[in-house]
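Visitor: What follows is the residue order along each chain.
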Amino acid sequence: MKKLSTLVLLIALVGVVSTVTAAPSWKPTKTIEIIAPANPGGGWDMLARVVQKSLMDEKLVEKNIIVVNKPGGGGSVGWTYLKGKKGQGEFLAATSTLIMLNQLLGTSELTYKDFSPIAMLQAEWIAVAVAADSPYKDIKGLMEALKANPASIPVGVGPSLGNNDHLVFLQLAKAYGIDPSKVKFIVYPGAGGEIVPALLGGHIKATVIGLAEVLEQHKAGKMRVLGTSADKELDFLPGVKPFVEQGTDLVFPHWRGLIAAPGLSPEQIAYWDDVFAKMVQTKTWKEQIANLGWSNFYQNSATHTKYLADQTKVFDELLTSVGLKK
Amino acid sequence: MTMNLITGIIAVAIGGIYLVTAMLLPEMRMGDRLGPKLFPTLVGILAILSGLVLVIQERKPERRSKKADFGFVTHRQVWIKILLTTVVGIAYGLVMDSLGFLIPTTLFMLFISTLINRGRLVQNLVLAVAFSMITYGVFAVALKLSLPRGFIEQMLPF
Amino acid sequence: MQDIFSNLALGLQTAMTWTNILWVVIGGSLGTIIGMLPGLGPATGVAVLIPITFGMNPATALITMCAVYYGAMFGGSRASIMINVPGDASAIVSCFDGYQMTKQGRAGPALAISAIASFIGGMIGMVFLVFLTQPIAAAALKFGPAEMFSLLLFALVATITLSEGNLLKGLIAIAFGLMLSTIGIDGMTGIIRFTYGVESLNDGIDFLVIIIGVYAVTEVYKNFKDTNAVYKLDSKSIGKVWISREDWRRSWKPMLRNSPLGFIIGVLPGMGGSIATFMSYALEKNLSKRPEEFGKGAIEGLAAPEASNNACSCGAMVPLLTLGIPGSGTTAVMLGALMMLGVKPGPTLFTDHPEIAWGVIASMLIGNIILIIINLPLAIPLVQILRVPTRIMLPIIMGLALIGTFFLNYSSFDFIIVMIAGIIGYMFSKLEIPLPPLVLALILGGAFEQNLRNSMVLSDGNISIFFQKPISVVFLVLAAGTLVYALLRRKKHAA
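Chains as they are written, first to last, in this note's numbering: chain E, 1 to 326; chain H, 1001 to 1158; chain B, 2001 to 2495.
In case anyone wonders, no lab produced these hints; they're calculated from the structure. Keep in mind it's a predicted model, so treat the numbers as computed, not measured. A virtual CB, placed ideally from N, CA and C, is assigned to each residue, including glycine. It is possible that part of the hints are untrue.
[What the hints assert, rightly or not] If you want a taste of the chain B side facing chain E, the calculated C-beta under 10 Å gives, among others:
{"#": "1", "residue": "Ile2185"}
{"#": "2", "residue": "Leu2341"}
{"#": "3", "residue": "Pro2381"}
{"#": "4", "residue": "Gly2446"}
{"#": "5", "residue": "Val2457"}
[Stated by the list, open to error] Here are the simulated DSBU-like pairs of lysine-lysine, each with C-alpha atoms no more than 35 Å apart in a straight line:
{"#": "6", "chain 1": "B", "residue 1": "Lys2103", "chain 2": "B", "residue 2": "Lys2222"}
{"#": "7", "chain 1": "B", "residue 1": "Lys2222", "chain 2": "H", "residue 2": "Lys1066"}
{"#": "8", "chain 1": "E", "residue 1": "Lys232", "chain 2": "E", "residue 2": "Lys140"}
{"#": "9", "chain 1": "B", "residue 1": "Lys2469", "chain 2": "E", "residue 2": "Lys182"}
{"#": "10", "chain 1": "H", "residue 1": "Lys1144", "chain 2": "E", "residue 2": "Lys83"}
{"#": "11", "chain 1": "H", "residue 1": "Lys1067", "chain 2": "B", "residue 2": "Lys2469"}
Using the sequences provided together with the hints, build the complete structure.
Guide: Shown next as structure tokens:
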């Protein structure tokens, strides 16, 4: 796990350095399509729309940009559509860890190798939270109680097992020597919309969830965030230490990025590298992601491809060890 | 055969297939006591049982339901139209990704209106073209919903 | 109390600017139109607005989105009443008596009562939102998996008793609906169930696709026999777009008692307009002295679900405003749009941004008034649609149904499902198998199984969890009572 956190830091550095640019020899020749492989309103859709707005408002591309929604199969429907646009640089799609997890969990054949990874753009952090009246004050307290009596602490997770949030909790549990099959996971397909009331109503005792979904509750004093998967204490969440500072070496960004159709030429990739390196520096982009509670997390095409390769290995080991890999 | 008898038989048949499939699901539990099999098993049993009771009820003459009439023979025309619509409707969906919205929609509307409103070619053509243009204008242009884009749509300025 | 009124005054101040009123009119009209189209509901309507709201101030953005939301609720039942094609799940119940009224030449009164009931439901919902938000939000937290399971069981049982004829056929329809709901990836284990190798089924079957298939497509098929007719009736018998004193006498009580019911269901996470409308209909039918008139054009059978549905959409705002979490698909989209504008709804919204929270509540007051002003006169041109000959109307219904299908998931695979559902719907109508229980079971099936399994995880497999929680017991008793009552009534009829 040590490897992972160092890797993340390293990449963040490389991302900043590699914004050196040359004049690209390829340009889009028709309307650019950003595929959001989800319905309007979700994380992927919002990423696609924020990118669309940033690129257009800041005039970073000359062609029109439209967002195309193609939900289904945890992204694979939209990605399959993208796969059919071989060599066409005008097609981009939003991605996240699911591009690796789907294949490992056996729900889709697609992997990042079927595409041209373009960039990682933003990250959110994952939090472990309890209700305000809970006796647990930190990760250690919760995990030790869980170890002593797993049945007494139902943990809410959603929308399904095997997702990022669930994996984070499994890793924490493993670090404390808890048998993951003993943990009572209560699955909420409505994710935050059902987990937050369930935790407030005392039906579950803890949850592992995207930080944004519990941040306001934490600030209002109704819930307590015990720790986050961030690499350092977050400035908007003072007093809450990340897992790494609580003795578990676990940094886990829930990131989102963009992939393009397979078979793109180096010129096409260079064009997008140039555009996105500029975009992440713009005011529009920074404002929009701050509104959404996202952190800037840029990797260019080459770095991101390497990152995907390394992460796939990490997930493979983890999923195999908890018996979720198909 | 009466309506209830057919309904009962369908329920038993579909319930049976479903139940067998449910039994064949792998047993897998991540701290989940019921697993993925129990609920479908119960649903399958519910379908079979209700179907059986319905069939048994039909044996009593005083509770018997009306004879079922699908009109396979008496209204053969209707069934031919339904099957044609089904095939063309599915094809319409399948070609949209490659041909875009406008052409398949116009063709589909021409087909369905000709089927229903036979012999009025001009009226049907106007309806088909107007329908696809108006819906494209409203949904894709005005409301900015994403519709499939073929070569015609890519040439449009919006 | 003082506080509430000064807050409401603040809200009115926000909502009463000309810009905001203009947006309520635009949003409400847009919502009404989108709501009328098959498959397009409030969630699409609100999503359409996201790019437009980019430049707005947050209060205006939320007010506009809310206007679309309840505009869609007003519009949703128009198509149900006039052509027996529900715009979305919560408009299915409006077909039962609404379409019958149209067939009897009472389309005018039907459209009028639907607008009036929507208005009353919305107003009562708003009053609840003003005065009872905090206690109801707190009460909703008491609903854990066991309570939810029992509530869903009650809803399903109530639906069976709605269907005419044999109860067993209702039960079979429920079983079919539950079967369809289990297709796809199981969220708890990741196992793929009942897809028979078809990868496109992994996400499950969207209930809206089935609704479009078994209502819109089937409706077209039913008319294949005689395509030269004018749509069912001659234009003189549409009736005035107003209701008689008798209509009012029959429907005011149902509207009043179903609005609170709808509101409470709207507050519960994961429960929406579909369950609220079905339960209201079942309630009225069971309370009525003339249950045999239900399904044959009883005006209270239309008024009750309409009021309940609009109150439900007010209720769905409670989790959004008090907890910052989405209680429904539509509010999820709203939440996303708000976050993009830099507002983070949450427990602190009422204190940090009172002008937004109260502005929205006040805009509902204005919005409901504006919507009824738009909708009552709108009914007059709208009923003219009934004069369009069937041979023109049917292709348009078919075309809109398929485009609506496309917008649900942007998937061409759904066309296969919708066409098959059309044939199945047609066969079911020939066999007199009721479709509403099937559709409701499909909508609720996922939550039904999930809550059952979650309850069992919590109780370590002990089924007594359902009898230990008082709220759960209440619903189980209600479910049993409804079933026994329905059986007894049928026996009496048979005798």
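Visitor: Taking the hints in turn, state whether each one holds.
Guide: Hints and how they fare:
With its C-beta approaching chain E no nearer than about 6 Å, Ile2185 of chain B sits inside the 10 Å limit, and its interface hint holds. For Leu2341 of chain B, the interface hint holds, since its Cβ comes within 10 Å of a Cβ in chain E; the closest pair sits about 7 Å apart. Checking Pro2381 of chain B against chain E by beta carbon gives a least distance of about 31 Å; that is not within 10 Å, so the hint is violated. Taking 10 Å as the C-beta cut-off, the interface hint given for Gly2446 of chain B holds, the closest approach to chain E being about 6 Å.
Taken as an interface hint, Val2457 of chain B checks out: its beta carbon lies about 5 Å from the nearest beta carbon of chain E, inside 10 Å. Restraint check for Lys2103 of chain B and Lys2222 of chain B: satisfied, since their Cα atoms lie roughly 15 Å apart, inside the 35 Å limit. This hinted pair checks out: Lys2222 of chain B and Lys1066 of chain H have alpha carbons roughly 19 Å apart, not beyond 35 Å. Taking the CA atoms of Lys232 of chain E and Lys140 of chain E, the gap is near 18 Å; set against the 35 Å cutoff, the hint holds.
With a C-alpha separation of about 25 Å, the suggested pairing of Lys2469 of chain B with Lys182 of chain E holds against the 35 Å cut-off. Simply put, Lys1144 of chain H and Lys83 of chain E have alpha-carbon atoms about 24 Å apart, close enough for the 35 Å limit, and the pair holds. The straight-line distance between the Cα atoms of Lys1067 of chain H and Lys2469 of chain B is roughly 47 Å, outside the 35 Å bound, and the hint therefore fails.
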